[in-house]
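**Q** Sequence:
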Amino acid sequence: MVAIKIQSLRDVARVYLQTLGYGDADVSEEDISFLLESASSQTAEEFICKADEFAYGLAKEIFGKCSEDKSAETARFKLTFSLCGGAGQCSVKDLVKGKLSDALKSEMKKRAVINAPEYRFEEMKPQTIDEVHWIRKMFSRFKKD
Numbered sequence: 001m002v003a004i005k006i007q008s009l010r011d012v013a014r015v016y017l018q019t020l021g022y023g024d025a026d027v028s029e030e031d032i033s034f035l036l037e038s039a040s041s042q043t044a045e046e047f048i049c050k051a052d053e054f055a056y057g058l059a060k061e062i063f064g065k066c067s068e069d070k071s072a073e074t075a076r077f078k079l080t081f082s083l084c085g086g087a088g089q090c091s092v093k094d095l096v097k098g099k100l101s102d103a104l105k106s107e108m109k110k111r112a113v114i115n116a117p118e119y120r121f122e123e124m125k126p127q128t129i130d131e132v133h134w135i136r137k138m139f140s141r142f143k144k145d
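First residue of the sequence shown? That's 1 in our numbering, and the numbers climb one at a time after it.
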């Protein structure tokens, strides 16, 4: 387990990008500055909310009509982006601009986690239950006369 000490808004932005799969070597100070300027927020909470709103917008674009709530769709985007290696295929600036490659979008659609469908109950056909004879024999052995 790794402990991360958050000291500034830049640290929050760096950690947010790391959750998407970007490593320390992949993210430059220029990328973080661009991300923070795009979010234009003053606190960490504001930044995370705006970044998640942006991820939700990309999720709607990629997955189509979103039936889930915002947090579920945002989580779906983050999961599929990291599973598909989006950090290796897309720079931070392209991600912030929403310029994901078509190959990455189609791969994310393929790997999208879909919730189970609603239950559908059907009538069950009657089944015959055969009596098990060996259990009766087993207990009759121990029976005292």
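Careful: at least some of the hints might be erroneous.
[What the hints assert, rightly or not] Derived EDC-like pairs: lysine to aspartate or glutamate, alpha-carbon spacing no greater than 16 Å straight-line: (1) Lys105 to Glu123; (2) Lys97 to Glu30; (3) Lys99 to Asp31; (4) Lys97 to Glu53; (5) Lys60 to Asp26; (6) Lys50 to Glu30; (7) Lys93 to Glu37; (8) Lys109 to Asp130; (9) Lys105 to Glu122; (10) Lys93 to Asp31; (11) Lys105 to Glu37; (12) Lys70 to Asp52; (13) Lys78 to Glu37; (14) Lys78 to Glu107; (15) Lys97 to Glu37; (16) Lys93 to Asp26.
Hints were generated in silico from the structure; no laboratory data involved. Note that the structure is predicted; figures quoted are calculated from it, not measured.
**Q** Which hint numbers does the structure go against, in order from smallest to largest?
**A** 1, 5, 6, 8, 9, 11, 13
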